[in-house]
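S.K.: Chains as they are written, first to last, in numbering that gives the first Met the number 0: chain E, 0 to 335; chain D, 0 to 279.
You can trust all of the hints, since none of them are fake.
Covered stretches of chain E (in silico footprint by chain D; criterion: 3 or more residues with CB under 8 Å from a CB of chain D, positions within the stretch not fixed): (1) 52–65; (2) 69–75; (3) 98–110.
Cβ-to-Cβ under 10 Å is the rule here; a few derived chain D residues that face chain E: (4) E61; (5) D115; (6) G130; (7) M131; (8) L137; (9) K140; (10) W142; (11) E155; (12) G156; (13) E160; (14) M163; (15) A164; (16) H167.
FYI, nobody ran anything at the bench for these hints, they're computed from the structure. Quick caveat, the model's predicted, so the values are computed rather than measured. Built from N, CA and C at the ideal position, the CB exists for glycine as well.
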Amino acid sequence: MAEGLSWTVYDADTLTQAEIYGQVLCDLGKMRPDIVGLSADLAKSTKIGKFQDHFPDRFFNVGIAEQNLFGVAAGLAKSGLLPFVSTMAAFTAMRAAEQVRTDICYQNLNVKIIATHGGASFGQAGTTHHCTEDIAIMRSFANMTVIVPADGIETANAVKQCVDWPGPVYIRIGRGFEPRYYDNEEYGFRIGKAVELAPGTDITLICCGITVFHAMEAAKILKENDGLSVRVLNMHTIKPLDTEAVLKAVTETRRVIVFEEHNRIGGLGSAVAEVIADNGKGCAFKRVGIPDCYCEVGYPEDLYTHYKLDADGILETVREVMNMDFEEDEDWEDEV
Amino acid sequence: MALTKEELTLLADKAYQARRDVVDITGWSGGAHIGGGLSVVDMLIILYYKYMKVDPKNPDWEDRDRLILSKGHAGVAYAPVLARKGYFDFELLKGFNKFKSPFGMHLDGNKVRGVDASTGSLGHGLPIAVGMALGARLQKKSWRTYCILGDGECNEGSVWEAAMAAAHFKLTNLVTFVDRNKLMIDGATEEIMNLEPFADKWKAFGFIVKEIDGHDFNALADAIEYAHAEKSGPVLILANTAKGKGVEFMENQVKWHYGGLDSELLESARNSLDKAYGRV
Chain E
0 MAEGLSWTVY
10 DADTLTQAEI
20 YGQVLCDLGK
30 MRPDIVGLSA
40 DLAKSTKIGK
50 FQDHFPDRFF
60 NVGIAEQNLF
70 GVAAGLAKSG
80 LLPFVSTMAA
90 FTAMRAAEQV
100 RTDICYQNLN
110 VKIIATHGGA
120 SFGQAGTTHH
130 CTEDIAIMRS
140 FANMTVIVPA
150 DGIETANAVK
160 QCVDWPGPVY
170 IRIGRGFEPR
180 YYDNEEYGFR
190 IGKAVELAPG
200 TDITLICCGI
210 TVFHAMEAAK
220 ILKENDGLSV
230 RVLNMHTIKP
240 LDTEAVLKAV
250 TETRRVIVFE
260 EHNRIGGLGS
270 AVAEVIADNG
280 KGCAFKRVGI
290 PDCYCEVGYP
300 EDLYTHYKLD
310 ADGILETVRE
320 VMNMDFEEDE
330 DWEDEV
Chain D
0 MALTKEELTL
10 LADKAYQARR
20 DVVDITGWSG
30 GAHIGGGLSV
40 VDMLIILYYK
50 YMKVDPKNPD
60 WEDRDRLILS
70 KGHAGVAYAP
80 VLARKGYFDF
90 ELLKGFNKFK
100 SPFGMHLDGN
110 KVRGVDASTG
120 SLGHGLPIAV
130 GMALGARLQK
140 KSWRTYCILG
150 DGECNEGSVW
160 EAAMAAAHFK
170 LTNLVTFVDR
180 NKLMIDGATE
190 EIMNLEPFAD
200 KWKAFGFIVK
210 EIDGHDFNAL
220 ADAIEYAHAE
230 KSGPVLILAN
240 TAKGKGVEFM
250 ENQVKWHYGG
260 LDSELLESAR
270 NSLDKAYGRV
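Take the sequences, apply the hints, and build the full model.
M.R.: Written out as structure tokens, the structure is:
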């Protein structure tokens with residue numbers, strides 16, 4: 000990829016999500032000699048290149064050949080190594096979907112995939128480089144664990160924990176424009192367990208990735224201006240989903256909205272809807288994401304605003320849902 | 000080194016048995032990829048009975064040689080070869096294709112002892128084999144990876160992605176075969192999608208190519224030993240074969256890519272094999 004497209008637009012005061020990943024992987028590499036790194040001509044863009052600098056013998060760049068990339072990773076895992084593979088989300092979840100499914104997930108291999116440029120995080124690049132389908136695709140592969148960290152700190156946690164988490168893992172991150180939400184790593188991150196960032200009883204916002212930061216901004220304003228008690232769940236693990244946290248939110252707040260940087264079809268919103276429907280307990284519910292279209296071109300911030308995934312958009316949707324009438328159910332409390 | 004008379008006799012016996020098994024399993028399972036199963040038998044036999052370091056009692060032995068049958072539809076040949084080698088009871092193959100059997104047409108490495116990778120989707124095996132060979136080299140292990148491709152499979156772009164990588168990484172601990180039976184489902188490989196000049200394509204990708212008769216054990220032995228000794232780059236053994244080899248009415252017949260055998264055809268196929276191996 001051209002240098003000009005890498006990490007130059009946003010003047011981050013801290014390390015970007017991917018840079019933190021690159022650093023964490025290097026630290027892990029020192030402790031775990033079985034870790035190997037792979038990329039397909041995106042070592043620099045995905046920041047796995049840092050691992051290459053430290054461990055040149057344990058890094059393989061296979062060129063622009065994503066099908067081979069994931070097949071080779073499967074073979075390395077079969078030989079007893081622990082491959083970390085990084086390329087863009089679009090080329091992981093779509094170009095090489097069958098290799099990820101058949102070579103890695105079907106064989107239940109210990110391959111960890113850090114897919115960058117997820118969602119609309121490379122908004123300027125256009126639809127070829129957007130990826131608003133990956134969560135739907137990846138969570139439909141049996142054996143796969145799917146994680147969408149909120150920021151760089153959470154990426155560090157996810158990368159560290161996935162080392163000892165059995166089987167294939169898909170960690171979807173952005174490109175480096177993501178606002179930082181966490182100050183440090185000590186907040187009890189566990190794969191498969193939602194983090195309750197704000198307690199609340201009126202409504203629950205279930206989020207992953209960049210929407211976590213924006214939902215927390217919105218929750219503060221809703222509390223101060225609207226007097227609302229808003230629960231915010233950071234649902235960083237899409238699969239296995241923390242169904243307990245979802246059902247608790249349904250019964251305790253009776254209003255749930257899911258915000259995600261993904262097509263409304265198949266992602267976190269669908270996963271949450273499945274749990275609610277399976278449980279047979281209705282609630283006021285909305286899914287906000289990319290509305291089954293190819294995302295517009297633009298800087299991510301502008302796209303998040305356009306698709307109502309930033310704080311203002313989240314405020315708007317919450318107010319809309321709070322104003323929705325829904326039939327009072329006399330028996331609700333009995334059924335809980 | 001040339002094979003001894005005893006070795007040749009043993010290999011011929013094993014190949015005859017394997018072909019009988021392929022025919023029998025096709026008969027009782029209702030249908031299988033018999034044509035490409037019969038064409039690849041001699042490669043499987045010489046690997047398992049002459050060259051591969053394996054321990055059927057300990058199929059996950061760390062230092063074993065690996066085989067990736069990239070043309071995974073030849074599971075109907077691979078499964079009985081593994082069974083006769085001692086990985087599992089041959090009787091289990093009575094369940095081939097049946098409900099909840101571990102043996103589908105394309106073998107599942109997590110269910111079938113001795114299978115190093117779950118293949119069946121074409122174009123997947125060579126990338127996995129490249130990864131294994133890289134893994135062995137990185138861990139300073141002396142085990143080898145063998146990979147068997149179908150010729151029609153080489154229409155898949157991922158084969159050539161992996162070929163480029165095998166040459167780039169100079170994987171001399173990898174031995175790759177192409178079962179060149181010249182037929183695919185819809186017809187002759189050269190009519191459906193031309194592969195020629197096939198050997199030159201592999202050479203251009205950086206392989207050292209040995210083109211041989213894939214049913215001649217001496218030629219296979221020479222080519223495999225050449226590959227073992229070669230230190231400058233990966234070797235491709237282009238094994239010219241006949242689809243349906245050993246069963247006269249199937250040989251080089253496109254319609255026998257996949258098929259079933261009723262009792263009459265079964266009898267005829269067995270007789271044909273007996274004749275081919277001088278067992279009458």
